[in-house]
Amino acid sequence: MTDRFIEQLKPYENKWVALDDETKEVVGSGQDAAQALREAEHRGHKDPTLFKVLPFRGAYVPLA
Amino acid sequence: MKFDYLKQPNFRDPNKPWISRPVIPVALHYKDKRVKVFALVDSGADISLFHASLGQALGIDVTGGRKMTFFGISEGAGVEVYMHTIDLEVVGDSTSFEMEVGFTDSKGVGAILGQAGFFDHFHIKFERDKERVELTTASLH
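Just so you know, the protein sequences line up as chains L and G, in that order. Quick note on the working numbering: the first sequence kicks off at 2 and runs consecutively. Quick note on the working numbering: the second sequence kicks off at 2 and runs consecutively.
Any given hint could turn out to be false.
[What the hints assert, rightly or not] Derived list of chain L stretches under chain G, where covered just means 3 residues or more per stretch with a C-beta under 8 Å from a C-beta of chain G:
1) 27-37
2) 40-52
[What the hints assert, rightly or not] Selected chain G positions facing chain L (in silico; Cβ < 7 Å):
3) P26
4) I48
5) H52
6) L55
7) A117
8) F123
Rather than coming from a laboratory, the hints here were simulated on the basis of the structure. In this text, all values refer to a predicted model and were calculated from it rather than measured experimentally. Heads up, the beta-carbon is just placed ideally off N, CA and C, and yes, glycines get one too.
Can you make the complete structure from the sequences, with help from the hints?
Structure representation (structure tokens):
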């Protein structure tokens, strides 16, 4: 993943994003995965990959 | 299949080091629906867990599944998880396989690939020095 890819995630802390598989650009976002997917599909991206942008402030331990 | 770790900077404090995590693309299949998601390969998780909204996107009646309670490292009542059987495919692999996974509303869970089902199916080599994770299909028992 490139620095450009990572930089574009800056506005999406703690949100879900939908990423175009080829360009890796954010094509949808939302408070949950279904919302991000709906936004991407509405914009014509039928098969994006979803991703939860974790908090930036530190380490992540699931279910902590 | 080899996947580079996903690096994430600390945007709030650029002086802090970047964090790298073994995150890979997978596709979840349920009936005629397929949803792709980047998931954390987590050897410390007993099962695979996904946020409930991924289940909703797949058309699953999430709360209709078998209810279980899971605990993490923090104290507390744990989180409610609803179990469902789906097919999972690692993007880049040609096959999918059936496994039981949990869905939860917990904000601490995005997409996590844990031991039961996923680690049963693959030999997984974490190479933190190379920031890379490698998966090869395991021959079961």
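Results of checking the hints against the structure:
1. 27-37: holds (count 4)
2. 40-52: holds (count 5)
3. P26: holds, 6 Å
4. I48: violated, 11 Å
5. H52: It holds, given that the least Cβ distance between G:H52 and chain L is near 6 Å, below 7 Å.
6. L55: holds, 5 Å
7. A117: Since chain L brings no Cβ nearer than about 15 Å to G:A117, farther than 7 Å, the hint is violated.
8. F123: Since the shortest Cβ distance to chain L is 19 Å, the answer is violated.
The structure fails hints 4, 7, 8 (numbered hints given earlier, in ascending order).
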